[in-house]
Amino acid sequence: MKFDLELSIRIAEKQASDIIKKYGIYQPDHIRLEDIAFDLGVTIKEGSLMGASARLIRYGIHGTIRLPVTESNIARKRFSTAHELGHFVLNHRGYSLEIVCSEDDMMNWYKKDDETEANFFASELLMPESLVKKRCDVKKVSFEPVGKIAEDFRTSLTAAAIRFVRFCPEPCALVCSENYFAKWCYTSDDWKFFIPLHRKLDDRTLAADYFAGKEMYDKPLEIEAEAWIENRRVKEITEHSIALGHYGLVLTLLWLRS
Amino acid sequence: MQNDEKLKNERNMLFIDSLADFLASTESKSSEEVREELIVEGIDPDISTNRLIEYAHKCSMDAKRKQLDHAASMRNRVETLNEKSAGRFTALSKEEIMKKMKDYLASPVLAPSFSYRDLNKKSREDLEAILEDLEAAQSMTSVDEGNE
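Just so you know, the protein sequences line up as chains A and B, in that order.
Per our numbering, residue 532 is the first one in the first sequence, and the count goes up by one each step.
Per our numbering, residue 24 is the first one in the second sequence, and the count goes up by one each step.
If you're looking for bench data, these hints aren't it; they were derived computationally from the structure.
Please note that a few of the clues may not be correct.
Said to hold, decoys possible - Pairs of lysine to any residue residues, derived as SDA-like cross-links and limited to a Cα-Cα distance of at most 20 Å, are as follows: (1) Lys714/A / Ile726/A; (2) Lys670/A / Lys714/A; (3) Lys87/B / Pro559/A; (4) Lys723/A / Gly776/A; (5) Lys671/A / Asp645/A; (6) Lys87/B / Ile550/A; (7) Lys29/B / Tyr557/A; (8) Lys81/B / Gly555/A.
To be verified - Which chain A residues face chain B? A few, computed with CB under 8 Å, are given here: (9) Tyr554; (10) His561; (11) Asp566; (12) Thr574; (13) Arg589; (14) Thr595; (15) Val600; (16) Lys714; (17) Thr718; (18) Ala756; (19) Glu757; (20) Glu761; (21) Arg763; (22) Arg764; (23) Lys766.
What the hints assert, rightly or not - Computed spacing ranges between beta-carbons, pair by pair: (24) Glu537/A / Asp92/B: 48 to 58 Å; (25) Leu538/A / Glu118/B: 18 to 28 Å; (26) Ala114/B / Ser661/A: 46 to 56 Å.
These numbers were taken from a predicted model, which means no experiment stands behind them.
All C-beta atoms, glycine included, are put in the ideal place defined by N, C-alpha and C.
Make a model of the complete structure from these sequences and hints.
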């Protein structure tokens, strides 16, 4: 990650963290997004919105976030709202009077700087470090604690998994694959291995089974490490893959047992 | 869950009251003597201090969240107003909507760096929705003014 992006992400997270402190939030159900947004000067509306997950319209120090009325997934709605609120709080300027974000913007964590900042802002607002970190201190890395975070904080599995990898004390990585290719990955600070992206998945990976139309093993499994990473000294790696049906993606948690 | 919380709060308040009464009766005593007396009464001063700090912190957090209750009631009012005005631009043509939007965009309140070059390419329905959202944002200004 570029240094300036790293810094701007920290600033975005700090802004979200300040909001958490400002409103005395210490439980997941305290994160009342619509009320927080309103207090910050933003109303949230549902209505017609074509080709976008959400849209922010600014007017001076106020704004309106529009969500498509067709969206029924609470987790996606909450993330879209927090993401747009991020653009508002972080003073991102759109090319027009509006900032329109597609689903793709929210799934690509390293695409454009503003989008990345808004994603990290949203993650901290919806899953504050102060509440999530202790839940990531687990003995075995799998999607089980991730699912619990997603459920309690009403977020998507992807967003929860990124938080999990960020705070988990074990060396682990999250890989998102699409159509047989690793699209992006997010690794913990102590993960020292290179995960090749934009290359066809190795057939030995569980994720490849999904794209090959086979039934994907849905529990963590130790597989040959070189199926995922370029390092001959490491023999085995634990993979837990899960299909995100809506997006046609596979999320994979990789873990090197310490 | 709420009853548990209520009970806990009542117990904490009772504890604070009793402690205040006890401390009031020990004005002439040193801190060490007070500590010893508390221990004799079966109260660990360190645990109690931590419990009080924790309780005070929780009370402070709960008080901060009251701001969100106020926001919620204001939000309900604004949403009701917005609902009432929904569809008010349905009868307007694309050109009429564009004109109204340009009036908004000419406002000195908006940051001048915003451009509206692409608006012509949008459908009438898109423009109507944008205008509605602009109005919703503007109504927030009235809320702020009402609060002052």
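Hints, one by one, checked against the model:
no.: 1; hint: Lys714/A / Ile726/A; result: holds, 11 Å
no.: 2; hint: Lys670/A / Lys714/A; result: violated, 28 Å
no.: 3; hint: Lys87/B / Pro559/A; result: holds, 16 Å
no.: 4; hint: Lys723/A / Gly776/A; result: violated, 30 Å
no.: 5; hint: Lys671/A / Asp645/A; result: violated, 34 Å
no.: 6; hint: Lys87/B / Ile550/A; result: holds, 11 Å
no.: 7; hint: Lys29/B / Tyr557/A; result: holds, 17 Å
no.: 8; hint: Lys81/B / Gly555/A; result: holds, 8 Å
no.: 9; hint: Tyr554; result: holds, 6 Å
no.: 10; hint: His561; result: holds, 6 Å
no.: 11; hint: Asp566; result: holds, 4 Å
no.: 12; hint: Thr574; result: holds, 5 Å
no.: 13; hint: Arg589; result: holds, 7 Å
no.: 14; hint: Thr595; result: holds, 4 Å
no.: 15; hint: Val600; result: violated, 11 Å
no.: 16; hint: Lys714; result: violated, 29 Å
no.: 17; hint: Thr718; result: violated, 34 Å
no.: 18; hint: Ala756; result: violated, 45 Å
no.: 19; hint: Glu757; result: violated, 48 Å
no.: 20; hint: Glu761; result: violated, 44 Å
no.: 21; hint: Arg763; result: violated, 51 Å
no.: 22; hint: Arg764; result: violated, 47 Å
no.: 23; hint: Lys766; result: violated, 47 Å
no.: 24; hint: Glu537/A / Asp92/B: 48 to 58 Å; result: violated, 37 Å
no.: 25; hint: Leu538/A / Glu118/B: 18 to 28 Å; result: violated, 46 Å
no.: 26; hint: Ala114/B / Ser661/A: 46 to 56 Å; result: holds, 51 Å
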